[in-house]
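Work out the full structure: start from the sequences and follow the hints.
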Amino acid sequence: MGISVRARRWVVLACFLLAAPLQSQTPVGNPQTFTLKSQPYQRPEACLPCHQRQYNELRQSVKSGYRNVSPLFNGLELAGNFLSGGRLRPVYGDSTKLRADGQPFGGNYASATSYVHINQVQAGFCLGCHNTNIVLKGEDPSTREVPEVNALGNAFLPDTIRPLRDYHLVDASGHQILPAEPGGPAPPGARPSLGAAGISCDVCHNVMSPAIDRSFQRDGFANTSLRLFPSISKVGPFLFPVAVKGNFHVSSGDPDRIDYIRSPTLCNGCHDVRVPGGGSLMAFETNINAGGAGVTHYRLENLSTEWALGAYNSTRNPFGRVIRCQDCHMSLYPYAGESTYTVGGLTVKSPTPAVMAENFAAVPGVSTAYNTPLQRRQVSTHYMTGIDVPLMGVDELRARLGPDYPDPLTGGLDEYGHPTALKQRREDLLKAAVRIYLDKSDKSVQMGGTFNVRVTCIALTGHRFPAGFSQERTTYINLTVKDRNGFVLYQSGYLVDKPHPDTGEMEPDGNLDDEDQEHLIAIADPGRRIVPFQAGPVNNGHTNQVFSPGPDNGPEARVYIGRPAGLVLFRNELTRIFLPGAPANSSLGRRDAAGNPILVTRPHFEETFSAGFANGVDNFRSLQPLRPTTFRYEIHLPTEHELEELGVHIEGPLQVHAQVDFEHFPPLFLRFIARTTSQNGPAGRNLHLMDEQLIDTYLKNNRNIASADLTVDLTR
Amino acid sequence: MMLARLVISLLILLGLAAMIGVERTGGVTILDNWESLPKRAVTRENNPNYPQRNPFYFEGRIDYELLGIDEPRNAWEFAQRGMHKQDDLEDFEGAKADYRQSIQMNNLENGTCQLVTSVPATGFANLTPPPCMFTVRSRLGYLLLHDHPEEAIQLFREVLEIDPLRLEIHALIGEAYVIEAEEAHSEEEAHEAYLKAIEEFKKELALSPVTPEFTALTGDEANNAHVHFEMAEVYEHLGEYGEAIHSFENYLKATRWHSDVYPWRIPLAEKKIEELREKLE
Numbered sequence: 001m002g003i004s005v006r007a008r009r010w011v012v013l014a015c016f017l018l019a020a021p022l023q024s025q026t027p028v029g030n031p032q033t034f035t036l037k038s039q040p041y042q043r044p045e046a047c048l049p050c051h052q053r054q055y056n057e058l059r060q061s062v063k064s065g066y067r068n069v070s071p072l073f074n075g076l077e078l079a080g081n082f083l084s085g086g087r088l089r090p091v092y093g094d095s096t097k098l099r100a101d102g103q104p105f106g107g108n109y110a111s112a113t114s115y116v117h118i119n120q121v122q123a124g125f126c127l128g129c130h131n132t133n134i135v136l137k138g139e140d141p142s143t144r145e146v147p148e149v150n151a152l153g154n155a156f157l158p159d160t161i162r163p164l165r166d167y168h169l170v171d172a173s174g175h176q177i178l179p180a181e182p183g184g185p186a187p188p189g190a191r192p193s194l195g196a197a198g199i200s201c202d203v204c205h206n207v208m209s210p211a212i213d214r215s216f217q218r219d220g221f222a223n224t225s226l227r228l229f230p231s232i233s234k235v236g237p238f239l240f241p242v243a244v245k246g247n248f249h250v251s252s253g254d255p256d257r258i259d260y261i262r263s264p265t266l267c268n269g270c271h272d273v274r275v276p277g278g279g280s281l282m283a284f285e286t287n288i289n290a291g292g293a294g295v296t297h298y299r300l301e302n303l304s305t306e307w308a309l310g311a312y313n314s315t316r317n318p319f320g321r322v323i324r325c326q327d328c329h330m331s332l333y334p335y336a337g338e339s340t341y342t343v344g345g346l347t348v349k350s351p352t353p354a355v356m357a358e359n360f361a362a363v364p365g366v367s368t369a370y371n372t373p374l375q376r377r378q379v380s381t382h383y384m385t386g387i388d389v390p391l392m393g394v395d396e397l398r399a400r401l402g403p404d405y406p407d408p409l410t411g412g413l414d415e416y417g418h419p420t421a422l423k424q425r426r427e428d429l430l431k432a433a434v435r436i437y438l439d440k441s442d443k444s445v446q447m448g449g450t451f452n453v454r455v456t457c458i459a460l461t462g463h464r465f466p467a468g469f470s471q472e473r474t475t476y477i478n479l480t481v482k483d484r485n486g487f488v489l490y491q492s493g494y495l496v497d498k499p500h501p502d503t504g505e506m507e508p509d510g511n512l513d514d515e516d517q518e519h520l521i522a523i524a525d526p527g528r529r530i531v532p533f534q535a536g537p538v539n540n541g542h543t544n545q546v547f548s549p550g551p552d553n554g555p556e557a558r559v560y561i562g563r564p565a566g567l568v569l570f571r572n573e574l575t576r577i578f579l580p581g582a583p584a585n586s587s588l589g590r591r592d593a594a595g596n597p598i599l600v601t602r603p604h605f606e607e608t609f610s611a612g613f614a615n616g617v618d619n620f621r622s623l624q625p626l627r628p629t630t631f632r633y634e635i636h637l638p639t640e641h642e643l644e645e646l647g648v649h650i651e652g653p654l655q656v657h658a659q660v661d662f663e664h665f666p667p668l669f670l671r672f673i674a675r676t677t678s679q680n681g682p683a684g685r686n687l688h689l690m691d692e693q694l695i696d697t698y699l700k701n702n703r704n705i706a707s708a709d710l711t712v713d714l715t716r
Numbered sequence: 001m002m003l004a005r006l007v008i009s010l011l012i013l014l015g016l017a018a019m020i021g022v023e024r025t026g027g028v029t030i031l032d033n034w035e036s037l038p039k040r041a042v043t044r045e046n047n048p049n050y051p052q053r054n055p056f057y058f059e060g061r062i063d064y065e066l067l068g069i070d071e072p073r074n075a076w077e078f079a080q081r082g083m084h085k086q087d088d089l090e091d092f093e094g095a096k097a098d099y100r101q102s103i104q105m106n107n108l109e110n111g112t113c114q115l116v117t118s119v120p121a122t123g124f125a126n127l128t129p130p131p132c133m134f135t136v137r138s139r140l141g142y143l144l145l146h147d148h149p150e151e152a153i154q155l156f157r158e159v160l161e162i163d164p165l166r167l168e169i170h171a172l173i174g175e176a177y178v179i180e181a182e183e184a185h186s187e188e189e190a191h192e193a194y195l196k197a198i199e200e201f202k203k204e205l206a207l208s209p210v211t212p213e214f215t216a217l218t219g220d221e222a223n224n225a226h227v228h229f230e231m232a233e234v235y236e237h238l239g240e241y242g243e244a245i246h247s248f249e250n251y252l253k254a255t256r257w258h259s260d261v262y263p264w265r266i267p268l269a270e271k272k273i274e275e276l277r278e279k280l281e
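Those protein sequences? They're chains A and B, same order as listed.
Number 716 marks the last residue of the first sequence (the working numbering); no jumps.
Number 281 marks the last residue of the second sequence (the working numbering); no jumps.
Please note that the accuracy of each hint is not assured.
Take a look, some chain A residues computed to stay more than 10 Å from chain B by CB distance [to be verified]:
(1) Leu157
(2) Asn289
(3) Asn317
(4) Thr601
To give a feel for the contact side, a few chain A residues facing chain B, derived at Cβ under 7 Å [claimed, not checked]:
(5) Gly277
(6) Met282
(7) Arg316
(8) Gln491
(9) Glu505
(10) Pro549
(11) His604
(12) Thr639
(13) Leu714
No lab work stands behind these hints, which were simulated from the structure alone.
Everything numeric in this text was worked out from a predicted model, so none of it was measured.
All residues carry an ideal CB built from backbone N, CA and C; glycine is no exception.
Now the structure itself:
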């Protein structure tokens, strides 16, 4: 007989009412486990047979391969370890090492479920972003690729540390092999390890969700706030994916995971970097998670926040819709036609974002169960082009990353007819990033008088420009004012060939790409080997050995004094605020004319080139996107008397030329890395990462990514 | 008939597209009125672009509209608005007014700021009163340099009280004395001002000394090219030709590997040295 229809209705209604509160609950944190079938992290080659296109594209991306063997990345990580006493290397769950507060670590940068102490965030800080899965795999000693250092803090032995890339080599059997000496060349027959692949297929396609509890603001931003779970369930961008041949993996149909991988929030998990430590003495920020109040930090990479607060994360932009990270970095951009629009009354023509390729997501005929036919649809490219290019030759890249590693400098066209080589793609991306105008400049000047050149710049990026490691990305205005016959009346953003005795270049070498701009004469202290070791800057450098304003001083003078002259530099700035007190904190690290250390008696703000040594940052030197910003140059012409003395006659009209130049790292920063990892640095041995020859060979200045010209009448 | 309908439909569609102000380029719709759409509401609170003092104020310059400030409420906000007026709007009088207001609210005399001489064991982040700010003072000083050099000098000296090692401030005081000398009512007054300028230029040079280590690392035998050039001109005014030659020579050394924003000054300095040597002979 059963229950009556009416009674059944009451039961159903009661069930709905009881379930309603569950529906309205807000999830707190993440589940700690998943029920998916686990699968070890796969080498990208495992994905190649069915995803050849994506594999080929991803190999051109610096995050997948190059970054892990990069002399700069490896050197910077070592420099941070010298300063901190080895604290940037991972500490695993089976370790006997303790935090500075005497407690066990309770998880490292990648493995902690939530951070309660700065030392956790430091433990694997660099590797944890660039090779998260390798740090996570390290929790199992049998799959550990990067070992712990012998000891931390003042007990650290810098002469025993190896560059991270030493650990990314295996033999034909897959067993780790190390170079004969720390930092030495790859042994014969060496092959790339799993870690050498860096951010490879499985990192993104095994992602489950944002790691809210590990995110300082509980927003899924920064420091790899991703929940990664190595399983056979790979997530892609498509609902109702086709079954995979041989069940090598299954394609997730979880709409939350699909939404996440399609969304910029996936990128936000890594593309803000917040440096743990004392934080910024100009901007207080800490971890808001339970127990995390002591985890203070400052914002190094702020790209995701810039995007999130910017015009592209809204419909208030020329395209009338949200432009995601993927729309520029995983689309056909900048090769899919141009758009014309206005910004602040200025007409801009730039590549169109968000045009995706039509293609197969996998290789037809080999990738689907039962040979189910694949449909062509809008797919993502995987070049993920940015503004970096390897500082290594192709031979060394292939020795460390495999013989099929693509040459970043040369290449053909892909199936869409677009360049494959990273160098060309990066140049094209840079040219899409910014526009400049001289329209607001004075139109005439009297001989011997003063006039204003006004350079208006507009960044066309979704984040500020430059972004990422924006405190090093050297973007600047190169401006010249000449008379009709080419006599140079004013220059800014110019370069001068000069010697670099600090790295053994005793005479100018005819190369301008290894020169810094002339706003500042600075050399960062590389430190030195002192036994016993003591962490901190006294022996390990990072202070400025040389620091003096140059003739083109603009960045500091423009910001702090308001003087409309000198270099316009869009590079953000790391600051060290030296404080009065103990000499270890108050010494600028250089000496006065009498040979005494210069000690501060009041707080002193000074630019530093070390993220580890900074306790302040100015992330507002870069250009805000879609906001015309005008920079004035007040230029004085020589007087008639001065021209007479010079024996020069100048003729109008004056020719004003402005262009934006870009160099991915400042040479002085590379020279710091070269010196601190040399035999004269804190390790006391040459770690074979960088030297003057490498800088001269591979550091290139991208000139003229945007330009404008103007003539100015000269009256007498 | 069909063709006519098609053409009419097409015209209507084009007309509609024009009315709503959009065009299609490269497969993506372009809004030509996007800048008039409502802006995202930004406030001071929970704004990652609005730094929380810790204990120092952010001394740089933030794109003003990112701060979410309707009307400035404190010294730092007045300083930020002043920078916006000075740099973005070229409203120098407005900038001066904001800077003055900022300094009034961050002032040693009325106890609204302090000089930090030590770091307390606890509570440093919340230092009360807050540290005195230097940017607002150096910016106001620079704006007053030509019309009110005396007041500018006073402001620059306040900056040096806040941070005696701050670069370029002594050089600015030197510049201010040069302006005073040029506008002096008597030769004695001018002479005195020039001497004070020299004193300040020397103090500036002392802050980034050319030590043996400096030369060994850089190959430079001098630095601070502009200070040397200005010093040379002052010495020339004072009739101290030997010192003027020395300063021009230092200028040439300082520009040897760095050139100058005004590169014609380099051959000019060489000429000047020749002329001054002739005068000495």
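So which of those numbered hints doesn't the model satisfy? 3, 4, 5, 9, 12, 13
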